[in-house]
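Visitor: Residue-level listing of the chains:
4 protein chains.
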Amino acid sequence: MVNNHLAEKLVEWRRDFHQYPETGFLEMRTASIVASILDQLGFELQMGKNVMSPDHCMGKPNDTVTKQHLEWARENGAHQDYIDYFSEGYTGIVATLDTNKNGPTVAYRFDMDALPINESDKPEHVPFKEGFRSILADKMHACGHDAHTSIGLGLASLIAENKDNLCGRIKLIFQPAEEGTRGAKSMVEANVVSDVDYFIASHVGIGVPQDHVVAANNGFLATSKIDISFKGKASHAGGDPEKGDNALLAAATASLNMSGISRHSEGSTRINIGELHAGSGRNIIPDSAALKVETRGDTSDINCYVKKQVESIAVGAATMYNVDYNLEVVGEGKSCNCSREVASVIHECAQESDKITESVLESNDSAGSEDATFFMEEVQKNGGFATYCVFGTELAAGHHNEQFDINEDTLLQAVEILYESCMKLSDLN
Amino acid sequence: MVNNHLAEKLVEWRRDFHQYPETGFLEMRTASIVASILDQLGFELQMGKNVMSPDHCMGKPNDTVTKQHLEWARENGAHQDYIDYFSEGYTGIVATLDTNKNGPTVAYRFDMDALPINESDKPEHVPFKEGFRSILADKMHACGHDAHTSIGLGLASLIAENKDNLCGRIKLIFQPAEEGTRGAKSMVEANVVSDVDYFIASHVGIGVPQDHVVAANNGFLATSKIDISFKGKASHAGGDPEKGDNALLAAATASLNMSGISRHSEGSTRINIGELHAGSGRNIIPDSAALKVETRGDTSDINCYVKKQVESIAVGAATMYNVDYNLEVVGEGKSCNCSREVASVIHECAQESDKITESVLESNDSAGSEDATFFMEEVQKNGGFATYCVFGTELAAGHHNEQFDINEDTLLQAVEILYESCMKLSDLN
Amino acid sequence: MVNNHLAEKLVEWRRDFHQYPETGFLEMRTASIVASILDQLGFELQMGKNVMSPDHCMGKPNDTVTKQHLEWARENGAHQDYIDYFSEGYTGIVATLDTNKNGPTVAYRFDMDALPINESDKPEHVPFKEGFRSILADKMHACGHDAHTSIGLGLASLIAENKDNLCGRIKLIFQPAEEGTRGAKSMVEANVVSDVDYFIASHVGIGVPQDHVVAANNGFLATSKIDISFKGKASHAGGDPEKGDNALLAAATASLNMSGISRHSEGSTRINIGELHAGSGRNIIPDSAALKVETRGDTSDINCYVKKQVESIAVGAATMYNVDYNLEVVGEGKSCNCSREVASVIHECAQESDKITESVLESNDSAGSEDATFFMEEVQKNGGFATYCVFGTELAAGHHNEQFDINEDTLLQAVEILYESCMKLSDLN
Amino acid sequence: MVNNHLAEKLVEWRRDFHQYPETGFLEMRTASIVASILDQLGFELQMGKNVMSPDHCMGKPNDTVTKQHLEWARENGAHQDYIDYFSEGYTGIVATLDTNKNGPTVAYRFDMDALPINESDKPEHVPFKEGFRSILADKMHACGHDAHTSIGLGLASLIAENKDNLCGRIKLIFQPAEEGTRGAKSMVEANVVSDVDYFIASHVGIGVPQDHVVAANNGFLATSKIDISFKGKASHAGGDPEKGDNALLAAATASLNMSGISRHSEGSTRINIGELHAGSGRNIIPDSAALKVETRGDTSDINCYVKKQVESIAVGAATMYNVDYNLEVVGEGKSCNCSREVASVIHECAQESDKITESVLESNDSAGSEDATFFMEEVQKNGGFATYCVFGTELAAGHHNEQFDINEDTLLQAVEILYESCMKLSDLN
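First to last, the sequence lines map onto chains A, B, C and D.
Under the numbering used here, residues 1 to 429 are what the first sequence spells out, in order.
Under the numbering used here, residues 1 to 429 are what the second sequence spells out, in order.
Under the numbering used here, residues 1 to 429 are what the third sequence spells out, in order.
Under the numbering used here, residues 1 to 429 are what the fourth sequence spells out, in order.
Isolated chain A (complex conformation) (with noise of 0.2 Å):
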C-alpha cells in the first residue's frame, strides 16, 4: 500500500468536509462528495430513499430548511452529479462491493453530521490557524463525523484496490443524522443491514487515548429524544386569566416531575429537560409551551421504563391543565451488547499493528448513546455479529466543544485497522 499518498487523502478530506459542516438529514454536498467517489473505485451504490425509510426518519428538518440548504450545497461545491440524489435530504449511501466469491457479508458503518456549535476562532485552535474552520456560523464537526468520514473513503479505496484478495460482499455505510440519534433507524428500516453477517461501527476519541484501540465498546446508554408540547388557550391576565388554560404551567409541573422520576435499581437512568419555551407575552395566559426532554437507561428496557413515566407525566400535566399535548419522539438510541466474534478481530488487528500501542477488548465505560446501536441489535437478531470500536485520538477539548479537534494521525490507524479487519472477517466462511 502507498499509504502515504492515502495518509494525504485523509486529511484533505476530512478538512474539507470539516470546512462544509452539514447538520442530520442536510448532508448533501458530503453524501455528493462522498457518492462520486465511491462511484469512482467501483462500488455498486444505492442512495437516497433507498436506504432510507422516510416514516423512520426522526426530527428530520421541514421543507424550507431543506430546500434553502440545498441552494447553499449546491453553491458551495456539492457534486453536482450526484446532489439530486439527496436533495429531499434523505443523505444517507449504501455502496456494496461484491468479490463474487464465496464469502461473509461485513459492514462498516459511518457518520456524516455535524453539530449546532460556533466553530472557535482562537489562534491556538488548529482549523482556525491552518485555514479549514467551518465557513458556517453555528455549524462545526465538534464531534468527529468528518473524521468518520474521511475513514470511510480510505477504507473503501483501500478495499478497491485490494478487492482480489477479498471474499464475499463488503458494504460501507454512510448514515446521516448520527447526532440526536435519528438517522440509524430509518436505514434499518430500509432493510440496509438484513444481509449483513458482520458489522463495525466505530468511533474516533470519545476517552480513549491517542494510539489506543477499544475493540468493543458496551458504555452506551439507551437513549430517547423526546420533544413535547402543550397547546392551551390564551387569555388577558388581568381581565380574565380565568378564561385561559396555561400552557406555561403545565410545562413547569411536567418539568419538575420529570425530573423528579424514580431512580432504577437495575442500572443508571438520565433524564434531562434541555429546552422549554412558553408563553407569548407577560400580560397573556400563555397558550403554548415546548420542551426538549431526552431519556437515558443502562438498558433499553431501563430507558423504556424512563421514557413511559415521562409520557405519563405529559399526560397528567396536560390534565391537570386542560391543554392538549403533543408528544414526539425525534431520536433515538438502544443499549448495546457487542459480539465478542467480531471484536475479537478488530482487537487481534489493533494488536498486529505497529501504530497501536495498546488494545483493548472490551469496555463498559459510559460514552453517551449511539444510534449505530440499531444497526448491531438487528444484525446481531439474524443472527450476526456486531462490534463498536473506538479509535483513541488526542483531543483539543472535548466533544461537542467548541475548540474540539483530532489527532489527525489516527485517520490512518483507523483505516488500515478497518481493512485489516476486512481481510481476516471476509475470510471466515
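Please keep in mind that the hints were generated in silico from the structure rather than gathered at the bench.
Just so it is clear, the structure is predicted and the values come from calculations on it, not from any experiment.
Just so you know, not all the hints are guaranteed correct.
The list makes no distinction among identical chains, and a pair is therefore deemed to hold if it is satisfied within one copy or across any two copies.
Cross-link-like lysine-lysine pairs, in silico, DSS-like; alpha carbons within 27 Å at most [as the list claims (entries may be wrong)]:
id : residue 1 : residue 2
1  : Lys-308   : Lys-231
2  : Lys-129   : Lys-231
3  : Lys-129   : Lys-9
4  : Lys-308   : Lys-163
5  : Lys-122   : Lys-233
6  : Lys-424   : Lys-163
Add chains B, C and D to chain A, keeping to what the hints say.
Guide: The following block gives chains B, C and D in isolation, referenced to the frame of chain A:
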C-alpha cells in the same frame, strides 16, 4: 312575657350545652334534651332520618365513633326517652307548631354542633371561672352554637306561650354538623323546608358589635370541602425504587398545582390544602397520601370553577404517578342572596327593640361560609323568602379560638327579635 | 370653532400615527411631528431628558435597538428639526401655555406608543381597506394611543386658538411607553406635574360604548412587571449531570410556586408568568432561564404584597438549584382614586355635549393597569386633583387584538369635552 | 465442642429475643440478658454511656418513651442485676476477653434492635406456630438481629470455653439501633474500636442462599436519614389567607424538588421522602410540616452530594414561603471497602466448614445500608482490617416483611465460622 325567668333559662341551657359539647352528627345528648323540651312545649316532632337524608350527610363519622359517642351521651346526661331517636348520628330535629289558622309557614334554623378544639383553662376565661368549661379535651363550643340552640329553645318557649296570637305554621329546625358545612344539605334533601314561606337563619357574633343587628348578611362565600386520597404502591426505596408508585409525590404536586389555580375575574376565590399526610416509613416509597382541601368563591359558580380545577389536578397528579385517587366532597356551602321581604321584617323588629342600638339592613362583609345557604336557596327556589341575620355580641376572643366566649345578654335579645319577627311574619298573608 | 376642519385633521393625524407605529421609548417619529405642531401652535416645549429621569425609565430598549430605530425614523417621515431631541429614546414632551393670567395649572396626559403586534391584513379590517395599515410587521397601534396623540394635538389646537379665554397655565404631556406601564414614572421623577392643580388622563374604548363617557375610572389595578433571570452552570446531561446547576428547573419551580401565591383578603390579586425561556440544547443541563412576570392588585399595597412574595420565591428557587438570579422591575402602575373635584367637571362637560348620550360619574370596572396613576398620585399628594376619564368608542375588536380599530367619531368628542373641561377648570380659582 | 447443646442454646436465645423485640435505643431487656450471660462467661463488661457517646446517638427516642419502655422491660423478663446500666436507653455493651498473651485485638459486632412492624399471625408463620411470635403489636424482629444477638452469645460461649487456645484480645460489641443506621457512630465516637486490629461484622440472609457465605460484602450504599421540619404561621384560610406562612407548600415543593436531584455520573444515588405530615385543619393555612428523608449513594462522597442538595432545597423552600426550617440527621451509614486481609480468613473458614456448600470471597451486590461501616472505616483508618460477611439463610419472606423468618441452622454455622476466624486471627501476629 316573664322574660326574667326566660333570661335565666337561656343562660342555664347555653351553659349546659357549653359544658357538654358534641361535634357534627354526634349531637345526641344535645338533641335528646332539645327534643324533650320541645315535646313538653307542645311541638310536633320529627327526628333522625325522618328529617335527614342519609345519602346527603357529608363527612359523617364512622359507626365505631358514633357508637362510642352514644355510650358517652347516655352516661353524661342525655335524655333517656329521646336518645334512641339519635343513636345512629342522625341528630336533626324539626319541631312544628300548627296554629290551625290560615297563614304562612315560617321557619327558623338553629345549629347545635361544637368544634374539635381544646378549651382554655386560663383563669380569666369565663366558662372556666364560672365552672362550665367543656368537660371534654379537644371538644368545645367555640363558635356559639351552644347559644344558638339555647336561643332556639327560648323562641320555642315564647311561641308556645303565645300560640293563640299566631297564624299559619311555625317550624323550628335544629341542625347538626354546620361546622364543615356538612349537615344542612341532608335536611334540605329530606324536604324539611319544601313548604316554607319565610326562612330565617341566624348567628351570634361574627364581627357585629354588641347590641347591633344585621338583618341580611350576604357575605358568605360558597365553599366545598374535599377529601382527596391517593393510593400507589410501596417498594423499598433503596432496593427497588422503580417498583413503587409514589403517592406522596402525587399529593405534593397536586398541592402545589392546586394552590396555583387561577384567580377569577368575577370575584374572590380561596383554595387551601389544609392537611397532607403521606407515607409509612422513611425507606419505603410512599403508597398512600391524603389531602384535606377547601375551596371558596364569592358565588356558587365561582366556587364551582375552583372545585372543577381541583378535580382536574387530582386526576392529573394520579396520572403522573400511576396511582389511584379518590375524591370525596365532605362539606358544601353556597353563596346567598337574602330576600329583602323577610330581612326588612328583622330590621324593623331590631329597630323597635329597646335593647338594640343599631340595626343594619344588609351587609356584604365576608363572614366565612355557612350551609344554611342550602335552606335559603331551596326556600327561594320555591318562591319563598329567606334571610340570614346576625345578632352582635361582645367576644372574648375570635370564633374558633380556645378562649372564645360571648356576652350572654345577646341570648334574650335574639329570642325577642326572632319572636317579634314570627309575630309579624305569621300575619303576612 | 371650525370643527369640520379639526375633525379632518384629527383623522389625518391619527391615521398617520397608525401607519407608522413606534413602540415604547422609540416614539421618535411621532414625537418629532407632535413637537413641530405644538411649536407652531405657540406652546413652550420641554423635551427628552428635560422631562424624563433616565434613572426611572423602566424596560427601555438597549442602544443598538434605539439607534436602529432612529435611522428608521429619519427615513420614514420624522420631522428633521425635532428628531434630534429624541434620538436617545427619551421621547417625552411637555408643552406649556401660560395665559399670564391668574389661574390654576391644568394638565392633560396623552400616550403615544404602539404594541409589538402584527396588524391584520384581512379585507374587512378598515386600516387595511383604507390604506393606513401599519407599514411594519409586528408593530401596531392596537390600543388606541394613535387616537390619544391625535386628540392631544386637537386639544392643543383649540387651546391655542382660544387662549385669550383661558386663565392659568395649561400643560399637555405626551408620554412614551405606557404599554408595560414603563414611561410615566420617569416623567413624574422629572417633576413634570409638581406644579399641577388639575390633572386629566384619558383613554378611548376599554369597554365603554360609543357616545358614552366615564368621568372617573377607578378600576385600574396596581401592577408590577418583573423580569427574572436565573444563571446556572451547563454540563453534559448524560456524562456529568451532577456538575450542572439547573436554571430551567429553578425557573419551573419558581413559576409553579409564584402561581400559588396566596390570595389576599382585602382585594383582588393577579400573578402571571407570561413567558419562560430556558436552556440551550436537549442534552445540556440548562444554565440559563428567563421569566416575564406580572403582578397586580386592587391597591398598590396588595400589589406590593404579591411582588414581595415573587421576590422571596425567586430567591428560594435560586437557592434550591445553586444558581444566580437577577430580578428587574421593568414596569409599574399604581391603583387610583379619582378626585371628585375634577371628575365632576368632566361629567358636566359630557352631559352638556350634544354628541354624548350617557355620562357616568364613576366606574370601578376593572380595566387593566395604567401608569398615568403615577401622575395622579403625585398630583393628589401635592394637594391637587386628578381623574382618569374614558371616551367610549365602538371597537372592531378588543384592545391588543390584531383587528383592533376605533370609531373615529370619538376623536372630536374627546377633544371637545377636554377643551370644555379646560375652560371650566382654568376658571376655578 | 459439644455443639449439640450449643445449637439448642442458640435457638432458645434467638426465640426468646424474637418474642420480646425491642426497637433502637430501647434494647434494655435484651442487653440485660446479654450482659448477664457474658458476665457469667467471664468477659469484662463496659456498658451504657461508657461505650456510647450521647452526643452521637442519632434518632434516640425521648425520655417519656424511654421511661415507659424501661417499665415494660422490668415487667417482661429483663435481668434485674443489669437493667439499671441501660435504663436511659444507652444499651450498648462491649465485652472484652484478654488472653494476656501477645496477639492482635479482634472484634466482632452484633446488632440487637427490632423493627416497628406488626408480626404475622398466619398459621404458616413459624414463630406463630411454634409460639414465639412477638408479644408486642407493632414490634418485630423482622431483619434477623435476634439471630445476630444469639450468634454473638454463641461465639462468646465458644471463646470462653477455649480461651486458652487464643492469643491477644477479643472484643464482642453488642450494638443498639442499627435500624435507621443510628447506633454505630456513637460507639465509634466512644472509642470502642480504636484499639482493634481485625474487625468483623456479619448479617444473616440478605439474598445469600442457605449454606452459602459471602466473606466480604462491599455492596452497602452510603446513606443519610434526615428529618426536616418547617414552621410557618397559621391563619384562617377563608378570612386572612395572606397572613399565613404556608409550611405545607414549603414541604410539598421541597419534596418535589428533592426528588429531582440530579443523578450522579460516578454511581447510583437514591432519594426518598418517605413521609410528609403537614397542617392542622382544612380551613387553616398550615403552619407546620415534617418530612422523613433518606438519601443514598454508591460511595460516601456521592451520598454527601445528594445530602448537600437536600439541604439547599430545604433552605430554598423555607425562603420561598417565609417559614423556618429545621434539619436533623437522624441516621447515617457509609459505603465500605472490605479488607482482603480479614475477608480471606472468613473465606478460608467457610471453605473448611463441612456445613457450607459455597463461599464467595467478595460481592458487590447492593444490599441496602449498614452503620457497621462506621466501625470499619475507623478500624481501617487506624491501620487495621475490617470485613462485613454474610451467612446465607433460607428466608420465609424478605427482610422487613411481617412474615420474615430464618432457617435456624444458620445460627450454628455462623458461630462456628466466626469462632474459627477468631482462632486464625488471634494467631496472626
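Visitor: For each hint, tell me whether it holds in the structure or not.
Guide: Against the structure, the hints:
1. Lys-308 / Lys-231: both (21 Å within a copy, 20 Å between copies)
2. Lys-129 / Lys-231: This pair counts as neither: shortest intra-copy Cα distance 48 Å, inter-copy 33 Å.
3. Lys-129 / Lys-9: within (20 Å within a copy, 64 Å between copies)
4. Lys-308 / Lys-163: neither (48 Å within a copy, 62 Å between copies)
5. Lys-122 / Lys-233: Classified as between; 23 Å across copies, 47 Å inside a copy.
6. Lys-424 / Lys-163: within (13 Å within a copy, 68 Å between copies)
Checked against the numbered hints given earlier, the structure breaks hints 2 and 4 and satisfies all the rest.
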